[in-house]
Amino acid sequence: MIKDVSALLAAHPVFAGMASDRLDFVAGCGWNVQFLAGEAIFRFGEHADRFFMLRSGTVSIEIRPPTGPTHRIETLGAGEVLGWSWLYPPYTWQFDARAMTDVRATAFDGTCLRDKCEQDPSLGYELMKRFARVVTARLQATRLQLLDVYGTPG
Amino acid sequence: MLPRPYRVLARRVDTRDTVTLELAPVRDRQAHRLAAPHGRSRPGQFNMLYAFGVGEVPISVSGDAADRGRLVHTIRSVGAVSEALCRLRPGDELGVRGPFGTAWPVAEAEGQDVVIVAGGIGLAPLRPALYHLLAQRERYGHVSLLYGARRPEEMLYVDELKRWRSRLDLDVLVTVDKATENWRGAVGFVTTLVRRAEMAAGSAVAMVCGPELMMRYAAAELLGRGMAAERVHVSLERNMKCGLGLCGHCQLGPSFVCRDGPVFSFASVRDLLQTPEV
Amino acid sequence: MWLEADAPERLAALLADRGYRVIAPRVRDGALVVAEVDGAAALPTGWYDETGPGRYRLARRPDSDPRAAERFGFTIAAQAWKPFLHPPEVRLLRAERASGGSLRFTPEPPPERPLAFLGVRPCDLAAIRVQDRALTASGAEDDVYAGRRQGALLIVVECGRANATCFCASMGTGPGARDGFDLALTELLDADRHGFLARAGSDRGRALLEELGARPASDLDLGERQRLLDATARSMTRQVDGEATRAALAAGAELPMWGSVAERCLTCGNCTLVCPTCFCTTVRDTSDVAGGEAERWRSWDSCFGLEFSAIHGGTVRSSAAARYRQWLTHKLGSWHQQFGESGCVGCGRCIVWCPVGIDITAEAATAVRQAARSAETAAGRGGRG
Chain A
1 MIKDVSALLA
11 AHPVFAGMAS
21 DRLDFVAGCG
31 WNVQFLAGEA
41 IFRFGEHADR
51 FFMLRSGTVS
61 IEIRPPTGPT
71 HRIETLGAGE
81 VLGWSWLYPP
91 YTWQFDARAM
101 TDVRATAFDG
111 TCLRDKCEQD
121 PSLGYELMKR
131 FARVVTARLQ
141 ATRLQLLDVY
151 GTPG
Chain B
1001 MLPRPYRVLA
1011 RRVDTRDTVT
1021 LELAPVRDRQ
1031 AHRLAAPHGR
1041 SRPGQFNMLY
1051 AFGVGEVPIS
1061 VSGDAADRGR
1071 LVHTIRSVGA
1081 VSEALCRLRP
1091 GDELGVRGPF
1101 GTAWPVAEAE
1111 GQDVVIVAGG
1121 IGLAPLRPAL
1131 YHLLAQRERY
1141 GHVSLLYGAR
1151 RPEEMLYVDE
1161 LKRWRSRLDL
1171 DVLVTVDKAT
1181 ENWRGAVGFV
1191 TTLVRRAEMA
1201 AGSAVAMVCG
1211 PELMMRYAAA
1221 ELLGRGMAAE
1231 RVHVSLERNM
1241 KCGLGLCGHC
1251 QLGPSFVCRD
1261 GPVFSFASVR
1271 DLLQTPEV
Chain C
2001 MWLEADAPER
2011 LAALLADRGY
2021 RVIAPRVRDG
2031 ALVVAEVDGA
2041 AALPTGWYDE
2051 TGPGRYRLAR
2061 RPDSDPRAAE
2071 RFGFTIAAQA
2081 WKPFLHPPEV
2091 RLLRAERASG
2101 GSLRFTPEPP
2111 PERPLAFLGV
2121 RPCDLAAIRV
2131 QDRALTASGA
2141 EDDVYAGRRQ
2151 GALLIVVECG
2161 RANATCFCAS
2171 MGTGPGARDG
2181 FDLALTELLD
2191 ADRHGFLARA
2201 GSDRGRALLE
2211 ELGARPASDL
2221 DLGERQRLLD
2231 ATARSMTRQV
2241 DGEATRAALA
2251 AGAELPMWGS
2261 VAERCLTCGN
2271 CTLVCPTCFC
2281 TTVRDTSDVA
2291 GGEAERWRSW
2301 DSCFGLEFSA
2311 IHGGTVRSSA
2321 AARYRQWLTH
2331 KLGSWHQQFG
2341 ESGCVGCGRC
2351 IVWCPVGIDI
2361 TAEAATAVRQ
2371 AARSAETAAG
2381 RGGRG
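Residue numbers (this note's numbering), protein chains in the order written: chain A, 1 to 154; chain B, 1001 to 1278; chain C, 2001 to 2385.
Quick caveat, the hints were computed from the structure, so don't treat them as lab data. A few of these clues could be false.
To be verified - Ranges between beta-carbon positions, derived for each pair:
1) B/L1213 - C/R2381: 27 to 37 angstroms
2) B/A1066 - C/A2244: 47 to 57 angstroms
3) C/S2202 - B/Q1136: 45 to 55 angstroms
4) A/L146 - C/R2381: 35 to 45 angstroms
5) C/G2314 - A/H71: 22 to 32 angstroms
6) B/R1137 - A/Q140: 33 to 43 angstroms
Stated by the list, open to error - If you want the footprint, here are the derived chain C segments under chain B, 3+ residues with CB under 8 angstroms:
7) 2088-2098
8) 2101-2111
9) 2139-2153
10) 2309-2320
11) 2333-2345
Said to hold, decoys possible - Derived coverage of chain A by chain B (criterion: at least 3 residues anywhere in the stretch with Cβ under 8 angstroms from a Cβ of chain B; other residues may be distant):
12) 58-70
13) 132-145
Even glycine gets a Cβ: it sits at the ideal position worked out from N, Cα and C.
If we strip away everything but chain A, and leave its shape as in the complex, we get (with noise of 0.2 angstroms):
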């Protein structure tokens, strides 16, 4: 089962080249999870001890106002990295994730992962580094979803 998802991480972008050894460790800090159509993966507010590979399905990141209707702002699919607060103090959820469809996903276990990184800073350097990829592409879509292209001007 590790060798399973050591592969499936080695073919991502956030984690590929990494030595296998590290590779075979992060696994280890993985487990398959399932979610319905509707449930909350995590919400606003909550500790951050883990974050997801998404296998099939469509998870939407979600905020709640007090009143009011969710606003969606962003949908993730299957391939995509969920969850980078469990890497960043303060350690909670910014936002909400739902599973739109049902999801199949593989969860890592973050609290063992950032103890792992504290006693070995060169892994947690390099899970810093790929994580910041993630953080970094999502605030560039989210920054060009901000600026309204297709907006009527004026």
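Here the structure of chain A is known, so what remains is to put chains B and C in place on it, guided by the hints.
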């Protein structure tokens, strides 16, 4: 060059500010000898459309270039002239000059995978290319259409999108920037779809059209997947008064967008697009 | 061949008789202009101009001055011949909408009488040929220009004097004319004689010389012409290195000079108005109140205007720096890529008529200098720049 009179055959409202007109040349009237000839357009080209007494604007052909009897244009109401054009009804006449400009590289793309990336109204100038690809489907490899719009109700050609999506030989991926409650599809900027397009990046051809910012970032994503900048094509827009390379307005560096474009390879315009105020 | 001093007037009369609209230099409103001749040509005999950056002075030589008899003692008219071939304002077409909604378009007919330009300076001749290339030989043909250009008769008068702002010699467009004219005259005036050396450049030119009774010129006179042209060329104080400027501008979008010139440039567009090669235009559609008749008018436009590069999202070139950069880069740089030659003929009008005296030759030299420095810096960084 003199406009030729065309008659509106049909009018269809696409979104709250966009209309598609089907036109036919007026044949029952002697056209002046100096009038622009009714040329068959190639996918990606545009005409100068004249609203009587108001003015002329460049609008890409958005219908099937192979259809000689009908000329189709999708117009977004953003100013006085386009607004006047959007108000035309079947039976009304307008002036047409063209077709002008360079075309999408549908011939060069034969034998390769093709990725079409459309943002907002950018789907309109790309639709003729897609029609061509689908009409000669066996000549192309994998074909994907990646389409991003601001909101679900601002999508163009929704019925056609659904028909295209049901084809087995075409991948259609759609996303919106802002979802509505009923939207069950992807949410996110159109560039997020690029990583999902199936293609042999080393040899694939991309055709990209939409707001200039969107094209720049989409091209960057395509290059990031390993595509060659010479094989990514964009359609640019600049102020045009003549469509003939004579009024000087549409210059982008040394190019006249009306004549050397509007379709350019990203390689040939990348530096210009990245230089502010060129 | 040789013609006497009254040749210009005789030419004007002859051509007017033949039905040409004769355009020649004259003094008007304190400046030297080219305008339609009515009746006898009132050539600006004895008048001369002195120019500098942002400076124009027209004066008449006192009768005691031996040069007071010069017919063409000035350099160039304030405005070139452009307004006659490429009109500042012209109707392109008329449109009618019948009560049923059907449209009919009628083009504007070309002018009936052909033009005859008397006194075209070699730099302005070069400018006409630059516009020929841009407007009739590079793709679509401009009907309005072609209609006026066709049949136009060009009589060049070479320059025996240069102004401080002239730099035709370095642009290869003067002070002598090689070809492209119907007739080329060179005024020679000294104690012994006053007249014009005349060369025909076409059949029409040859026929004119015959009609005027031109006699063969002496070798002395031909030698005098060459000495005069050489002296005129040598007297020019300004120059542009065409090729170095072109290369500098090709990669010059980020040079520091654009910010500096923007501090002086008012974006008034005077330079584009007086430049004999600038050809940009805009169109204006109008209609009557009833909505049955409409017209399309075309008029000169300038890349210095804010709306010039406007698209529905806003203006692309909104800063003065970007607009000046566009003009200079087009004129001395990308014009080469578009039309295979420089867009500048060295007439210097832009220097004279700039309210703040921006000097195109100085800006060109700055571009070359800054581009070289920028290349050095990049090389100095091990080519990583």
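A quick look at each hint next to the structure:
no., hint, result
1, B/L1213 - C/R2381: 27 to 37 angstroms, "holds (31 angstroms)"
2, B/A1066 - C/A2244: 47 to 57 angstroms, "holds (50 angstroms)"
3, C/S2202 - B/Q1136: 45 to 55 angstroms, "holds (54 angstroms)"
4, A/L146 - C/R2381: 35 to 45 angstroms, "holds (36 angstroms)"
5, C/G2314 - A/H71: 22 to 32 angstroms, "holds (29 angstroms)"
6, B/R1137 - A/Q140: 33 to 43 angstroms, "holds (34 angstroms)"
7, 2088-2098, "holds (count 3)"
8, 2101-2111, "holds (count 7)"
9, 2139-2153, "holds (count 4)"
10, 2309-2320, "holds (count 9)"
11, 2333-2345, "holds (count 4)"
12, 58-70, "holds (count 3)"
13, 132-145, "holds (count 5)"
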